[in-house]
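Residue numbers (the working numbering), protein chains in the order written: chain A, 2 to 433; chain B, 2 to 433.
Just so you know, the hints here were simulated from the structure itself, not pulled from any lab data. Ideal placement from N, C-alpha and C gives every residue a C-beta, glycine not left out.
So these bits of chain B aren't anywhere near chain A, every CB distance computed over 12 Å:
1. 39
2. 159
3. 271
4. 293
Only some residues are given here: those of chain B computed to face chain A with a beta carbon under 8 Å:
5. 198
6. 199
7. 218
8. 344
9. 360
10. 364
Number of protein chains: 2
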Amino acid sequence: METFVREKKIIFAMMGLPARGKSYISTKIVCYISWLGFNAKLFNIGKYRRDSYGTKDCNAEFFDPANKQAVEARKKCSIKALQDLVKFLKNGGDVAVYDGTNTNVERRKMVADLLKQELGENHTLIWIESICNDDVIIENNIRSSKLTSPDYEGVDPEIAIQDFKKRIEQYKKVYQEISTELDGEDVSFIKLSNVTKKIVMNQITGYVECKLVSFLMNLHITPHTIYLVRHGESMNNAERKLGGDPELSERGKRYLPKLKQFFDDEKDTGAVNEKTKLFTSTLRRSVETANVIDIGARPASFKILDELDAGVCDNMTMDEVEKKYPDEWKARATDKLKYRFPMGESYIDLVHRIEPIIFAIEKCTEPVIVVSHTAVLRCIYGYFMKRPLKEIPHIEIPLETVIKLNPDAYYNREERFNVEINEKCKTLQDIS
Amino acid sequence: METFVREKKIIFAMMGLPARGKSYISTKIVCYISWLGFNAKLFNIGKYRRDSYGTKDCNAEFFDPANKQAVEARKKCSIKALQDLVKFLKNGGDVAVYDGTNTNVERRKMVADLLKQELGENHTLIWIESICNDDVIIENNIRSSKLTSPDYEGVDPEIAIQDFKKRIEQYKKVYQEISTELDGEDVSFIKLSNVTKKIVMNQITGYVECKLVSFLMNLHITPHTIYLVRHGESMNNAERKLGGDPELSERGKRYLPKLKQFFDDEKDTGAVNEKTKLFTSTLRRSVETANVIDIGARPASFKILDELDAGVCDNMTMDEVEKKYPDEWKARATDKLKYRFPMGESYIDLVHRIEPIIFAIEKCTEPVIVVSHTAVLRCIYGYFMKRPLKEIPHIEIPLETVIKLNPDAYYNREERFNVEINEKCKTLQDIS
Chain A
2 METFVREKKI IFAMMGLPAR GKSYISTKIV CYISWLGFNA KLFNIGKYRR
52 DSYGTKDCNA EFFDPANKQA VEARKKCSIK ALQDLVKFLK NGGDVAVYDG
102 TNTNVERRKM VADLLKQELG ENHTLIWIES ICNDDVIIEN NIRSSKLTSP
152 DYEGVDPEIA IQDFKKRIEQ YKKVYQEIST ELDGEDVSFI KLSNVTKKIV
202 MNQITGYVEC KLVSFLMNLH ITPHTIYLVR HGESMNNAER KLGGDPELSE
252 RGKRYLPKLK QFFDDEKDTG AVNEKTKLFT STLRRSVETA NVIDIGARPA
302 SFKILDELDA GVCDNMTMDE VEKKYPDEWK ARATDKLKYR FPMGESYIDL
352 VHRIEPIIFA IEKCTEPVIV VSHTAVLRCI YGYFMKRPLK EIPHIEIPLE
402 TVIKLNPDAY YNREERFNVE INEKCKTLQD IS
Chain B
2 METFVREKKI IFAMMGLPAR GKSYISTKIV CYISWLGFNA KLFNIGKYRR
52 DSYGTKDCNA EFFDPANKQA VEARKKCSIK ALQDLVKFLK NGGDVAVYDG
102 TNTNVERRKM VADLLKQELG ENHTLIWIES ICNDDVIIEN NIRSSKLTSP
152 DYEGVDPEIA IQDFKKRIEQ YKKVYQEIST ELDGEDVSFI KLSNVTKKIV
202 MNQITGYVEC KLVSFLMNLH ITPHTIYLVR HGESMNNAER KLGGDPELSE
252 RGKRYLPKLK QFFDDEKDTG AVNEKTKLFT STLRRSVETA NVIDIGARPA
302 SFKILDELDA GVCDNMTMDE VEKKYPDEWK ARATDKLKYR FPMGESYIDL
352 VHRIEPIIFA IEKCTEPVIV VSHTAVLRCI YGYFMKRPLK EIPHIEIPLE
402 TVIKLNPDAY YNREERFNVE INEKCKTLQD IS
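This is chain A alone, in the form it adopts within the complex (with noise of 0.2 Å):
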């Protein structure tokens, strides 16, 4: 479906209060978009602000709007940013994802006038306000984000969560929620409360727009794990041949019980319980390996999680491949994520096959456990390692090891066991 943005460039401008989880929402929204193989860049404000006056002088007072000094200052960086992402858009950007507090109408009105004097027609601009009113949640969010901000660099915790919430209160004075009475009855928008627990959108429509609120729904910030399993060694492994459906070979059977003795220890601390959710494919050596889980519940099985197909590839060894298609060969090894198999799949629309499995881990607060095949794993960790689409084809998923997640949105912790062994392996990004 990907002509179907190209149509018109999307801008999705954040916008609401301080410590709102605007960031976060960014950073998933631009992971996922970027991830559908479209072209999309987050312009964050407070960074142009940091690196245009530092942070030595941003306590409380700066943003105060009385302040008119400090006030024409933070514009400056606002259309900053803007210009950047217009630039951005015009040289072969997709989507665009504007994050600030964009506090009032007036500040809207800026942003959708230079936007419209820039790309004329050509753009479809998106409000997204997060609003919180659950005091727990917003000071939750000020000790775990706000603390290592740059802003607060060497500066004493408590001191520092009282200037941020000073300066909460110098963006409430001037604050003004989106409406349709106040922007406008054509603005488009989508007000997000309490995380998502309430959602309300205006005027919105589209392809993208359609698969990011979908996207939206199921997000939340709990944090849980995921475990990315490669099925046991298959016939077809063993004989280096692509794809089919083979049984697992001798040396993948004699994996299983050692699987499933790390999942029983991994029950034994607690880090898996009879919640956690199991999916595999529906290929025999994904579910053979599956079976041997014992948590609890049965797995499920998938046919969006089968490996990716090789077409008339399939089943053929690699030697087999360049003797009898030597333009493919070359064609896969110059673009191997764009690169599909003569009626087969590409890299991309693996990504376009597995999305729902995405949502369905995003929507988890219990941990995950996916049992799968190397294209597909790559995919998955490629999403929630926020790795570049490029990279996703050559991230290695060795046989034998369980990968562990803990996936936020600000970094990204990994653990890699070599379940043969019974011992902790290098991450990628100890090798790296």
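With chain A held as given, fit chain B onto it using these hints.
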């Protein structure tokens, strides 16, 4: 993703004043959810009322909230419909749509309580409220659907309209919009204003629910035409082989200028125009065919419009399949809908694959031409013409025939043109 829904039964319960498009939306939801492969059914309270009390004495007085006897009678019908709905869900139903006005908190609480009592925790109740404050839309709704209602059979149209407007006023006396204040913080609802211009969601999450929201976001009520065009005869068609990526046969090539002429004629009548969308697959026979249609825009090629993947049987003749894979052959004959070719796809898989195209077509307010393959066109036809899923693999999609659909929620009109001999031919309805 079939198993996601099985965890819980889902009830979408409509609410809203009369003539707000509730039945249109209900019908669309049931079509869409059934087409995805779920066991879904509509329970319309009005139908229960007509079955129990006939249509003789159902003028506006019957809907006066002060008319105690009638209130009691209408309540009985709601309960009867709800009991049947529960029975359906207990006997294998996945999703039920409960279509009625459900005007106030008391009535909604009664529905929620009855469902909880009967289904326990094993269900999700989601209210869908349709609000409309545009008098033109309301008047149009009354004229286009209420005049043909059995309630007004044989009644003078102008009298019927006046009576129906009175009926709306009766409902307004007791109507309470759904809200967290009235219905509680935890109530799940989707509120649609003026079709889908504004959408408010509270506590909506989950796989089917997200799909439904995306679906609703693309709905509109502007009728538009859809042309389904099978590619010209391919070399594999001529040799009675499955799938592959063959070129057009001689017969296929001879057909192209006639197809071009057909759409040139449609252009002359204004049935298609330069805003018409033209979608096709990535396979040669389909792209070659689409390329001759000269409506201005180039065809957009989508991998998801490619033919059903016959897996290991690709490029084989039916006789070869029967000989080489006799068990597969039998399995396919037994259940063509769910049958999945080894390493290939089933019709159910195909439905899920092409879903974004359905959204794209639903979204268009201009004509759409889809040039694709038998199985894909069967799925699209089945959705718009509301055919039961099990019939889809058997729908006739002949060569050299253009199918022109004028779909709406209540009835379907289809025309078929044999382009080869340049004449209108019988539709499926004519035949059956």
